[in-house]
Amino acid sequence: MVEWTDEERAAISDIFSKLDYDEVGQKCLSRCLIVYPWTQRYFGAFGNLYNAEAIMNNPLIAKHGTTVLRGLERALNNMDDIKNTYAELSVLHSEKLHVDPDNFKLLSDCLTIVIAAKMGTTFTPEYQASFQKFLSVVVSALGKQYH
Amino acid sequence: MSLSAKEKVIVKDFFAKVSSRSDEIGAEALARLIVVYPQTKSYFAHWKDLSPNGAPVRKHGITVMGGVYEAVSKIDDLAGGLLTLSELHAFMLRVDPVNFKILSHCILVVLSMMFAEEFTPQIHVAVDKFLALLALALAEKYR
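These protein sequences, in sequence, are chains A and B.
For the first sequence, my numbering begins at 5 and goes up steadily by one.
For the second sequence, my numbering begins at 864 and goes up steadily by one.
In case anyone wonders, no lab produced these hints; they're calculated from the structure.
This structure is a prediction, so every number in the text was calculated from the model and none was measured.
Incorrect hints may appear among the rest.
Said to hold, decoys possible - DSSO-like cross-link-like pairs, simulated, lysine-lysine; straight-line CA separation at most 30 Å:
| id | chain 1 | residue 1 | chain 2 | residue 2 |
| --- | --- | --- | --- | --- |
| 1 | A | K67 | B | K992 |
| 2 | A | K122 | A | K67 |
| 3 | B | K937 | B | K992 |
| 4 | B | K922 | B | K964 |
| 5 | B | K911 | A | K109 |
| 6 | A | K87 | B | K911 |
| 7 | B | K992 | B | K964 |
| 8 | B | K992 | A | K137 |
| 9 | B | K875 | A | K137 |
| 10 | A | K100 | A | K137 |
| 11 | A | K148 | A | K67 |
| 12 | B | K922 | B | K875 |
| 13 | B | K964 | A | K122 |
| 14 | B | K964 | A | K148 |
| 15 | A | K87 | A | K122 |
| 16 | B | K875 | A | K109 |
| 17 | B | K904 | A | K137 |
Model the full assembly from the supplied sequences, consistent with the hints where possible.
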């Protein structure tokens, strides 16, 4: 089981409290699709992803970004058992969506960068460390049910 | 994976734009490296002071960023231009190349923090590619 210090819990809660899920979700997912274009393979049914502008203005991508952030909120609300909280999501990503688990790390790196832009210097190294740990646990849980 | 002519211009222009704060970028990136990824401290065990805001870390961050800027100036031939640095990292420092990726991520986070408006997805992808190619050039002499 993952051990969280009080500081880590506080940092992660504080970060989430500053996030507009619609805004951050859209920015994070579109950035991932632009910076790591091979991730577009999972969004064939999402319409125009032809160039960066199209991706950034795509309403389906924006909507899905919000979905991803809501999924992360579930981990936030169940920090002492992210593995089991995400069991179903892991099966979904593996069996139905067939997402290569390496991609979870790419999206989480983009999320960190979007949050850094939003929070500026209040995204201290200690905050980044706590958030990185949170994302590592999430990514690991999402990959748990793959076989 | 290689940089297009357009991406080289993006990278050169962006790094020129932020050059007045390059010391700050380097110091902050290295501080985050050792705080967020503590295993990287293993390369600095010989320093008396490993605090993220201490003098050794800040000074070394500036050195590293100097290397990044040198690479920008040699963007048309990274492997050739960074030969000496590659030999240094391969034979003397022997930094595991996985750490280049980690440091690159920290640099991107700092750029995003300090230049939120300017660090668009389009600039992000060009800089990310550049840092990846830089890392590759640094690892050129490893084996």
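Is K87 of chain A within 30 Å of K911 of chain B, Cα to Cα?
-> Answer violated: K87 of chain A to K911 of chain B is near 39 Å, above 30 Å.
Take a quick look at whether K922 of chain B and K964 of chain B sit within 30 Å of each other, Cα to Cα.
-> holds, 21 Å
Straight-line Cα separation of K100 of chain A and K137 of chain A no greater than 30 Å?
-> Answer holds: K100 of chain A to K137 of chain A is near 27 Å, not above 30 Å.
Has the given pair, K875 of chain B with K137 of chain A, been kept, meaning a C-alpha gap of at most 30 Å?
-> With a Cα-Cα distance of about 33 Å, the restraint between K875 of chain B and K137 of chain A is violated, given a limit of 30 Å.
Would you check the hint for K992 of chain B and K137 of chain A, treating anything up to 30 Å between C-alpha atoms as holding?
-> Distance of about 25 Å is within 30 Å: holds.
Is K922 of chain B within 30 Å of K875 of chain B, Cα to Cα?
-> holds, 24 Å
If you draw a straight line from the CA of K122 of chain A to the CA of K67 of chain A, is it 30 Å or shorter?
-> holds, 20 Å
Given the hint that K67 of chain A pairs with K992 of chain B, test it: the Cα-Cα distance must not exceed 30 Å.
-> holds, 28 Å
For the pair supplied as a hint, K87 of chain A and K122 of chain A, is the alpha-carbon distance within the 30 Å limit?
-> Distance of about 28 Å is within 30 Å: holds.
Keeping to a limit of 30 Å between CA atoms, is the pair of K875 of chain B and K109 of chain A held or broken?
-> holds, 28 Å
Agreement of K964 of chain B and K122 of chain A with the hint, judged by alpha carbon distance not exceeding 30 Å = Holds, because 23 Å separates the two Cα atoms, which is no more than 30 Å.
Is it true that the CA of K964 of chain B sits at most 30 Å from the CA of K148 of chain A?
-> holds, 24 Å
When each numbered hint is compared with the structure, violations occur for hints 5, 6, 9.
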